[in-house]
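*Asks:* Chains as they are written, first to last, in my numbering: chain A, 1 to 762; chain B, 1 to 159.
Misleading hints may appear alongside valid ones.
Derived BS3-like pairs: lysine-lysine, alpha-carbon spacing no greater than 27 Å straight-line [claimed, not checked]:
hint	chain 1	residue 1	chain 2	residue 2
1	B	K32	A	K747
2	B	K49	A	K194
3	A	K757	A	K699
4	A	K668	A	K544
To be clear, the hints were calculated from the coordinates, so they are not data collected in a lab.
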Amino acid sequence: MKKILFAILVISFVFPINIFSQDKKQQGHTNTNKFRQLYDEFASPNMFRTASGAPGPAYYQQRADYKINVELDDKNKKLYGDETITYTNNSPETLSYLWVQLDQNVRKKDSPSLDINSEGVSVAYIPDSFDKEFLSDPFDGGFNIEYVKDIDNKPLRYIINQTMMRIDLPNPISTGQSFEFKIKWWYNINDHVKQDGRSGYETFPNDENRAYIIAQFFPRMCVYNEVEGWQNYQFWGDGEFALPFGDYEVNITVPSDHILEATGELTNRKDVYSKEMMKRYNQAKKSYDKPVIIVSQDEAIEAEKTFSNQKKTWKFSAKNVRDFAFATSRKYILDMMAVKIGNEDVMAVSIYPREGNPLWEEYSTITVVEALKSFSKYTFDYPYHKAVSVHAHNIGMEYPMICFNFGRPNIDGSYSDDVKFGMIGVIIHEIGHNFFPMIVNSDERQWAWMDEGLTTFVQYLAEQEFGEKYPDAIYPNKNFPSDRGPANMITDYMSVDQNYLAPIMSNPENVYSLGPNAYGKPATALNILRETIMGKELFDYAFKTYSQRWMFKHPTPEDFFRTMEDASAVDLDWFWRGWFYTTDFVDISIKELNQYFVSPNPGEEMKEIMKERGLVRNRLRPLIFFENFENDLENNRDKDPLENSKLLNNYLNENYSSEEISNLQIPKYFYEIVFEKPGGLVMPIIVEIKFEDGEVIRKKYPAQVWRKNDKEVRKVITSDKKISEIILDPDEETADVDTRNNSWPKKEENTDFDKFKSRIQG
Amino acid sequence: MNQLIIKLITILILVFSHKYYVSSTLIDYSEKSGTYQISLKIFHDDLEKDLGFEMNELDYDDYKQTNSIIKKYLINNFKIYSNETELELDFLGYERKNDLVIYYIEVFNAKNIKSLIIENKILFQSFRNQKNIILFRANNYKKSYIHTSENFQSSISLP
């Protein structure tokens, strides 16, 4: 930097006219600095949401309470329901209509969702794809609405637009008022294995029994708030759900031989559990060290053999939840284990068909326990009384207190490590969703990353903690093999063709691949913030502050961004802008290393300047000269600098005592590292410097080093011993997409390819 | 090009965590050896499905057997041509990394190759929405392509 300044001064002195006499005047420009304030992207802070990222004094949220009765027709795979919704308007506005979500309609035969994607014909098909593609009739799904009535049974006017229903209120409801209304419906349940979906049934080929995982099964209130007004973005399939909080009373009628779990507290346990189950359940309430089997595999196998025509009604009560889901089958095995979270007992629950064993019995419930502990540690104590993990084939999906998870062993019960780690990972992830978005209730329809990214980030921490707690479970790995979180795992994605990338701040329907975009990249960004930019202490406090501020509320992206800065005093506008609002990637390189020493005579570069300016040595004021190693013809570089520069020697003698001089560390070698930044993202520069005697030091230059030159910066390292090697980003913590230019001297590239080749040939 | 982009606006992911139908292939020219070093990254379960195996049925620990199965598959589905001749590929072998199978292929005598056609048909049989990403790097020349089941060839002309 100094050198550049000096060069500019020299040039402007020698050729002053050139700068001001250009034919064409330079044009001005707006602020394009990577560190400029993020005001252009952020909504203005207001009384609802403050600039600190917290809910403001005028913050409000709507409320929806439900009383629901549903009945499962197991034979015909239909679900019948009626509900009473009490909607409370806490907004300062008066509402003249309500919007209700009808997510099942995404499966209607004429659903526009079916036509949203481009199609094409493949060169070849496997038979079952061919069948699905060209032979099968479209599934006859979607809600059949039987009535929409007010509490006095007067029909209400409504209109259905795709996956949403507007109900016109007879009288507008003003602030603080509630409106009660009733809906009756039924729908055909989809086969989630054959037709996909977040819920549905799976038929088991050997016994023709079904396991039902049922969600989005009732008309649910949309969110109304000061950010979006009424939610007006349809459910197309990718963007999940925005839902208000409320209390639920749900009665679920199923065949009497079913075992069922659901959101909320089971209020008639004694009616639906056998005496033996009650006994085991009471044991489980005090079992903090291992799961207690409530329904065993043998009992489940016995239940599979018959098909009861009797019915049983399971009654649930859930307070302050944003949704409700359940799972039911006569095939289910059930186990539970208590865990202390803060001062409260929470029940970790698993239900699974025997097809999940032996994997599920061994790992599901303990994984729920560890996930609850880890997520509570980084956010707030898990506030519900239970968390249920349900085994469903090929699905990972979350609802309050209950989630559906994949991970199925082979038919003979054997399973690979992949299946095991995939299952543990997905359980941690979906249990983690209780925190984001079930409690920290962001708008999934608009922003998938707010729940998926944050959950995947904490999932990574939780997986690592799971590995520490259960080293045998992850053996022979030393750490849990997480596939998202570490910086170097996102670089492949971030370096693909820019035409196929979208910023994280995109609606989930419009990104090219939601997995890396909404899960992997934001999780990595947060991990980098925590480990590399902010440090764990500042990050963890700010992250916890965000979680607790927005617990049981509806945060927006800005609320997150602002809180992270507000609680840490780390300005992150540049980080959010780069990582969340652009598709830029990280690529920093070592362009060159200029090596200097104190020389007795003017160095080559100095000589050139002297020549240009017509200066002679004896006319110069006294200067300490530097010379590049390359031009060290007289081999002066290893001599004492005081010997090479009499001037320096004299200066020291005049200004310091001899004792002080002997304590001075006078560097012999002066290294100027030139860093280049081909990538658009700004990152700290982390270098590991090895000296010829083996000593290794690390230097970390803050990201702000790039603020005045986005392309290239120089840094000086001085030392009394020679540098033998410099490695940029030695721990691969910055997500640098090209590490081939990260070392000096330039290393013979040792790519994964080279490593593999030498291994198989070795 | 526009049409390709529109085609890409498809659901690349199912509802759950890590499923999106993408493979990536890195083709790197190595100055040192004068060869193309190719690494194909494929999700193992996608590969198994396309090979006609049940989930987790393929035994990766039986390296010899599994390698010959994958190799045979790649010989049919991954090809490089130059001047209308099919280039000889050296299929080195595979390794597993998390949920990926990485297959390494080398093309010798690549120094004087000025134009080539990459044909990558992997996984299209089973996954119509499959996207195969190709990243090509030779010295300072860098280019990437996305292959779909309708468009699975790219021609590259080196400057």
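*Asks:* For every hint, state whether the structure bears it out.
*Replies:* Status of each hint after checking the structure:
no. : hint               : result
1   : K32/B with K747/A  : holds (12 Å)
2   : K49/B with K194/A  : holds (15 Å)
3   : K757/A with K699/A : violated (34 Å)
4   : K668/A with K544/A : violated (48 Å)
In terms of the numbered hints stated before, the structure departs from hints 3 and 4, listed from lowest to highest.
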